[in-house]
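Protein chains: 2
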Amino acid sequence: MLLPMSPVDSMFLLAESREHPMHVGSLQLFQPPDGMDALDIRSMLDDAIADDEVAPLFQKRARRSIMSLGQWGWETDQEFDLEHHVRRNALPQPGRILELLALCSRLHSSLLDRHRPLWEMHLIEGLNDGRYAMYMKVHHALVDGVSALRMLSRMLSEDPDLRDMPAPWAPCAPTVRAEATGAGGGPLRGLLDTAGETAGLLPVLVRTISRTLNEQTGTMSFSAPKSMLNVPITGARRFAAQSWPMERVRQVGKAAEATVNDVVLAMCSGALRAYMLSLDALPDSPLIAMVPVSLHAEEGGSADGGGNAVGVVMCNLGTHHGDPAQRLETIHASMAEGKESLRGMTPLQIMAMSALALSPLLLAPALGLNSMLRPPFNLVISNVPGPRKPMYWNGARLDGLYPLSIPLDGQALNITCTSYSNEIAFGLTGCRRTVPHLQRLLGGLDAELAALEQAVGVG
Amino acid sequence: MLLPMSPVDSMFLLAESREHPMHVGSLQLFQPPDGMDALDIRSMLDDAIADDEVAPLFQKRARRSIMSLGQWGWETDQEFDLEHHVRRNALPQPGRILELLALCSRLHSSLLDRHRPLWEMHLIEGLNDGRYAMYMKVHHALVDGVSALRMLSRMLSEDPDLRDMPAPWAPCAPTVRAEATGAGGGPLRGLLDTAGETAGLLPVLVRTISRTLNEQTGTMSFSAPKSMLNVPITGARRFAAQSWPMERVRQVGKAAEATVNDVVLAMCSGALRAYMLSLDALPDSPLIAMVPVSLHAEEGGSADGGGNAVGVVMCNLGTHHGDPAQRLETIHASMAEGKESLRGMTPLQIMAMSALALSPLLLAPALGLNSMLRPPFNLVISNVPGPRKPMYWNGARLDGLYPLSIPLDGQALNITCTSYSNEIAFGLTGCRRTVPHLQRLLGGLDAELAALEQAVGVG
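Chains as they are written, first to last, in our numbering: chain L, 1 to 459; chain H, 460 to 918.
Next comes chain L alone, as it looks inside the complex (with noise of 0.2 angstroms):
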């Protein structure tokens, strides 16, 4: 049976070709529990391979036919075959955390095959430290980023000393189940409702175009300059990524009336001006970030079933500023303009506003309209909360969670952070050939942090 998708949701679908796949990704770090060692780790997921449990949401796959009239929907997978689907990997010697960056690069650059469910997971041994890492690849048209940390979470526990814990693609155990459901109606609605929730996306749609370009909200954005990002892009990618302690950027937003996330941004501000003038390529009127806002806190939405519920708004990044305190500032007003208007609107509005937003983006690839004269924005900068407290997979320790995310024609570049425990985390994913040397984006968000300390008189 063909069950319907979302718009929005296909629509990642519609978008994607040989050069702008659209998954999103997630690298996870484990530490092994004492006594153990990583390759114990491998035996545990061995095992669940071999129980051959897969949870329905991993067994969906994307299907359209004359039957459909042409729409995308989604059925289950009969021939479903695991071992597709779960591969087992290894470094390269010495093993370090640059080798782990380039397989996950590698791994993000190709596209998953439409025949079967939409993700991969990928086992990793023989990091140099004893540490394991799990690499897993989901089609945003399966689920957004905070659906898959939802998801992560949730296969996660709190407890270290609890075993027999199912594996990542398997069902939840009952108790786990059991808890989520407790939460309130919201987080398990079915696909179905969520497919009839989003059937009258389109006329809200037109509805809120036509409102928009009469009240020009601040969820829109028609004054970001041309930039090196936005340009069309080829296939592979570069990926890199770097942790930061939570603290540090909590203090500097309290001393500066700021939000953790308007801190984040103006790490991000700073990293990319200084990237910028170091390849003499940064304009004189200010970056535009278009950032995500999730949903799902306020709504429930199809968390999940998986799908997409994420607004925006365009931020202001004040690269044109040479002053921290006054990138930082800039960024809060315009964060706090941008939230205050999407606060009117249902967030069926909000999606539908998020899609206008969206659309030129996801819709350029696959129209062929690459060279369009002005970007909407200069690139996605999101932050993604994960778990707040140390989760454990069968006594092994998470030690370690960096996203990577979509660049696309025309934005080059992707910055999406997660926050895990005590730590935040940044991932940067960016197309091989058109932002050289990715890996200086890290050194940059480090010197701007500690120049926000001090301007801000802490740290």
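In short, the hints are calculated from the structure, not lab data. Hints should not be assumed to be uniformly reliable.
Covered stretches of chain L (in silico footprint by chain H; criterion: 3 or more residues with CB under 8 angstroms from a CB of chain H, positions within the stretch not fixed) [unchecked claim]:
| no. | stretch |
| --- | --- |
| 1 | 78-84 |
| 2 | 90-104 |
| 3 | 234-247 |
| 4 | 282-292 |
Which chain H residues stay away from chain L? Per the calculated CB distances, all over 12 angstroms, these [to be verified]:
| no. | residue |
| --- | --- |
| 5 | G532 |
| 6 | L566 |
| 7 | A695 |
| 8 | D858 |
Among the chain L residues that face chain H by a calculated CB cut under 7 angstroms, a handful are [stated by the list, open to error]:
| no. | residue |
| --- | --- |
| 9 | S110 |
| 10 | E125 |
| 11 | G126 |
| 12 | K389 |
For glycine and all other residues, C-beta sits at the position ideal for the given N, C-alpha and C.
Dock chain H against chain L, hints included.
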């Protein structure tokens, strides 16, 4: 500057899609010399990467533009990035051939980046038998299998004591180049020559079509049965490979007055019969194999600059016969007839004939004609001669050489054989979904060789 591409070569770009990557591959196993281990081979390759010397052929990328009226052509990649092309991999434990074949299946499934020169070389460490592996992937538009093997053997040496040899992707050392030039005017003819020679192909093709329909030569097939191999395929691949002593194959051929190639085809025939019988899927009429015949030996052609120069014979595999000897006899007669009808043609006519036989196959995915009523043939079986003597790279002995080829919509399995030293290797590349239990065919090949030995009274 954009250099023209031959129509046959550009067909491989036009026909490519995410379900039908059009690259060939080869897996090579190297035995380290005494006193060295596999990681020493990697160190030598690392040094070669650092040298950053790349042969012109490997710097060519395919491009088409409005300037070239939409025709594909070749140009030098001005931003060539060796680290994108040469990649370090490692096998997960326990590092058996099983893990190696699984890795190659996956590497062979993903598309090459069309913005860059169409090749990748994967260095693979972690084999538990102490050997070092390399998997190379080259787009069929750049080189055919014969040219790839020729390039490979030019990079190797028969001298186990030779050192300071260039990397596989590096320009040939002066001594090697002189030797190749000395072999006659043919092998080193440039790209422009090749393009000139094939520019007249299309009119010849049209003439050949009409002649073929009138004369019904043995190179064309109009009677292949429908089979489980002739269905639409998916993007993921499964690869299996094994070698047998060439002497066993040769003895069978000698006793039956058949060629080595006839015996190779008979092994495939018996294995396919047993495999399809076990799945209750053997057609009543005999399977027809398309058998490419290389034109390099006679004409030189475009061997050095890459390019494709292959004729084809349609071979009746006699899979309806229960008796191995009778299958071999049918194959021998069919191949002799097919080769006879190629004999009266010029190389260009043979190429045109081959393009004719290939074109429905290659153009079907591009045109979306996936539901052809009868396949032109059931599968492609190639036998590509490799080096006859043991070959070495900087003292490391090439210990095994396995080809990976191209399954297509309607052609879910490809069998390519390579002779090397005193062995013949069979490489089976299949659609992961359409050809289940591909490994069983290896057992079938082994059983059929034994059955043939018994039938003709040798071994």
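Under the criterion of a CB-CB separation shorter than 7 angstroms, is L:S110 in contact with chain H as hinted?
The hint holds - L:S110 has a Cβ within 7 angstroms of chain H, the shortest such distance being about 4 angstroms.
Within the assertion that chain H covers the stretch 234-247 of chain L, do at least three residues meet a Cβ-to-Cβ distance smaller than 8 angstroms?
holds (count 3)
H:L566 clear of chain L by more than 12 angstroms, beta carbon to beta carbon?
violated (10 angstroms)
Against chain H, run the beta carbon of L:E125 and see if the smallest gap drops under 7 angstroms.
holds (6 angstroms)
Given as non-interface: H:A695, which should sit over 12 angstroms from chain L by C-beta
violated (5 angstroms)
Per the CB criterion, is L:G126 less than 7 angstroms away from chain H?
For L:G126, the interface hint holds, since the closest Cβ of chain H sits about 6 angstroms away, which is under 7 angstroms.
With a C-beta cutoff of 8 angstroms, work out whether three or more residues of the stretch 78-84 of chain L approach chain H closely enough for the coverage to hold.
holds (count 3)
Count the residues of the stretch 282-292 of chain L whose CB lies closer than 8 angstroms to any CB of chain H, then report whether that count reaches three.
violated (count 0)
Holds or violated: is the Cβ of H:G532 farther than 12 angstroms from all Cβ atoms of chain L?
Non-interface label stands for H:G532: nearest chain L Cβ at 18 angstroms, farther than 12 angstroms.
Taking a Cβ-Cβ distance under 8 angstroms as contact, does the stretch 90-104 of chain L have three or more residues in contact with chain H?
holds (count 6)
H:D858 non-interfacial with respect to chain L [C-beta, more than 12 angstroms]
Per Cβ check, H:D858 is outside 12 angstroms of chain L; nearest 20 angstroms; holds.
Tell me if the interface restraint on L:K389 is satisfied: Cβ within less than 7 angstroms of some Cβ in chain H.
violated (31 angstroms)
Going down the numbered hints, you'll see the structure goes against 4, 6, 7, 12, while the others check out.
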